[in-house]
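Top line first, the protein sequences correspond to chains A and B. The letter at position 49 of the first sequence is residue 49 when you use our numbering, and the numbering goes up by one with no holes. Just add 1000 to wherever you are in the second sequence, counting from 1, and you've got our numbering.
Since the hints were derived computationally from the structure, they do not count as laboratory data. Bear in mind the structure is a predicted one, so any value in this text is a computation, not a measurement. By construction, the Cβ of each residue, glycine as well, lies at the ideal position given by its N, Cα and C atoms. Accuracy of the hints is not assured; some may be wrong.
Ranges of calculated distance between the beta carbons of each label pair, as one might list FRET restraints [as the list claims (entries may be wrong)]:
1. A/R90 / B/E1070: 27 to 37 Å
2. B/R1026 / A/D146: 43 to 53 Å
3. A/D16 / B/R1026: 56 to 66 Å
4. B/G1137 / A/G161: 53 to 63 Å
5. A/T58 / B/T1002: 19 to 29 Å
6. B/R1021 / A/R64: 34 to 44 Å
7. B/E1055 / A/D16: 21 to 31 Å
8. B/R1021 / A/R90: 17 to 27 Å
9. A/A68 / B/A1029: 37 to 47 Å
10. A/R87 / B/R1067: 19 to 29 Å
Computed list of lysine to aspartate or glutamate pairs in DMTMM-like fashion (alpha-carbon distance at most 25 Å, straight line) [to be verified]:
11. A/K154 / B/D1141
12. A/K154 / A/D61
13. B/K1233 / A/E66
14. A/K59 / B/D1006
15. A/K59 / A/D123
16. A/K59 / B/D1141
17. A/K59 / B/D1005
18. A/K154 / B/D1005
19. B/K1233 / A/D61
20. A/K59 / A/D6
21. A/K154 / A/E134
22. B/K1233 / B/D1141
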Amino acid sequence: MELPDDELIRRFLTGDTDAFTLLVERHRQRVYNLCLRLLGDADDAADAAQDAFVSVLTKLDSFRGEAAFTTWLHRIAVNACYDLTRRRRRQPMLRLAGDGDATDEDTGPPVADPADELAGTRDVVAALRVIPEEFRTAVVLADLQDLPYEEIAKVLDVPIGTVKSRVHRGRIALARAMGLEGREHDRTAGASQEQA
Amino acid sequence: MTHPDDLLAEYEDGALADGERAVLERHLATCARCRDEVALAQRARRALADLPDAEAAPTIGGTAIQRASERSERPAWYRWGAVAAGVAAAIVALALILPNVGSVGADRAQPAAASAEAGASGRPTTVSAATGIEHQGTDYDAMSVAELARSYGGRAYAVSLSAGGQNQVPAPQDSSFGSASTCLAQAAGIGEGVLIRLVDARFQGTPAFLGVYLTSPGAGQPADAVRVLVVRKDDCSRVLSSAWAKL
């Protein structure tokens, strides 16, 4: 029978290194996918996921089981992605210098202005990159990671009403970025429309 | 018109309770804006549902695993313990004595002391869940905490919930026991096992509680390890938790 996360943590804290390895292996795919969809770049996602697990290791002593481990892990992973995005923003020239053939598509954080995008159908991966970060995070946690809204509220430390609003508005922003809007209503779904 | 944005996400999920759904559907019947938004959001939701997972490279998490492995290499005080294992006979002898070493309020203590007869006969030593607190003047450090944990080694234990064999947890015998055990429980986080001894002492000069826990690999199975958890008395934060010994 598979040991629960809490038991693996307990065993690791009592000296069983294999328990930590199992914990990483169990959550690797989930953390990587979260980072991939938040960052939109496979290399960045791998870096952020790597950072997230190091952060888990260093903070595990202080994990007190008050929140579910998955909630705690998602919070750490989301923060690792935000940290990486901030680092990229601070070091755009270094990144460009290392990627001579880089294009706008694969450098830096996702562009956050839907108005810059051409109208038309775009796939969901590309569309995720162009919606505002707070919408992207909410939609990814709800619709890709399948976290309940209550858990997302804990991960992001915002009221649950804010989560529901961001998910709804994020979906609309995503659909519009994908060019799915075939109706007469031509509003842009920006962060300013959010209603907590 | 006021739009019920707080209900729309769950409506799109098909997860709205009947009462709220009825309210929302009445609104949708008269609000083109919300109808359009729900339709759009549901299309995005379906597109996301169809998005396959990308395969994570097996190297992800490798840095953390490597560091965990390095961290598990025993610190100095534990390596000292390994050396001490070379004089195992002496340690075993100490194990029968040390649970009470340093105990000032010994008459109030509920130690997991084993009788020499029980240890020698191979029968499990019966211990009770702690119901009292020992007040000691001892100033522990990592080494002496490890020594305390090790003093419980070499024997099998059976835990009795109460000394009289009744199927109930006895009432605390010391008014400070409740707050001390709560303090430990907060720091323990995940189930540490059964608290069999609670000591009020100091750790490197700081007032601290020491909890001795017996842990078993599963319900109903005999304890296979002992841990000593050290927390600060002032804020119940964990100071040391890695002292342990396989039984």
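Status of the hints after comparison with the structure:
1. A beta carbon spacing of about 30 Å between A/R90 and B/E1070 agrees with the range 27 to 37 Å that was offered as a hint.
2. About 30 Å separates the C-beta atoms of B/R1026 and A/D146, a value inconsistent with the hinted range of 43 to 53 Å.
3. Range check, A/D16 to B/R1026: Cβ separation about 57 Å, and the 56 to 66 Å hint holds.
4. At roughly 55 Å, the beta-carbon separation of B/G1137 and A/G161 lies within the given 53 to 63 Å, and the hint holds.
5. Checking the proposed 19 to 29 Å range against A/T58 and B/T1002 shows it is violated: the Cβ atoms sit about 47 Å from each other.
6. A hinted range of 34 to 44 Å holds for the C-beta pair B/R1021 and A/R64, which are about 38 Å apart.
7. Checked against the hint of 21 to 31 Å, the C-beta distance between B/E1055 and A/D16 comes to roughly 28 Å, which is consistent with it.
8. Take B/R1021 and A/R90: their Cβ atoms lie about 47 Å apart, and the range 17 to 27 Å is violated.
9. Distance hint check for A/A68 and B/A1029: the Cβ-Cβ separation is about 39 Å, which falls inside the suggested range of 37 to 47 Å.
10. Between A/R87 and B/R1067 the CB atoms are about 20 Å apart, so this pair conforms to the stated range of 19 to 29 Å.
11. A C-alpha spacing of about 37 Å is found between A/K154 and B/D1141, which places the hinted pair above 25 Å, so the restraint is violated.
12. Restraint check for A/K154 and A/D61: satisfied, since their Cα atoms lie roughly 20 Å apart, inside the 25 Å limit.
13. Distance restraint check for B/K1233 and A/E66: the Cα-Cα separation of roughly 20 Å lies within the 25 Å cut-off, and the hinted pair is therefore satisfied.
14. A hinted pair counts as satisfied when its Cα atoms are at most 25 Å apart, and A/K59 with B/D1006 does not qualify at roughly 34 Å.
15. Straight-line distance between C-alpha atoms of A/K59 and A/D123 comes to about 37 Å, which puts the hinted pair past the 25 Å bound.
16. With a C-alpha separation of about 23 Å, the suggested pair A/K59 and B/D1141 falls inside the 25 Å cut-off, and the hint holds.
17. For the hint linking A/K59 to B/D1005, the alpha-carbon distance of about 37 Å lies beyond 25 Å, and the restraint is violated.
18. Under the criterion of a C-alpha separation no larger than 25 Å, the hint pairing A/K154 with B/D1005 is consistent with the structure, at around 20 Å.
19. Taking the CA atoms of B/K1233 and A/D61, the gap is about 18 Å. The hint holds against a cut of 25 Å.
20. For the hint linking A/K59 to A/D6, the alpha-carbon distance of about 14 Å falls within 25 Å, and the restraint holds.
21. Taken as a hint, the A/K154 and A/E134 pair is honoured in the structure, with Cα atoms around 15 Å apart against an allowance of 25 Å.
22. Restraint check for B/K1233 and B/D1141: satisfied, since their Cα atoms lie roughly 15 Å apart, inside the 25 Å limit.
Figure legend: structure checked against the earlier numbered hints; hints not met, in rising order: 2, 5, 8, 11, 14, 15, 17.
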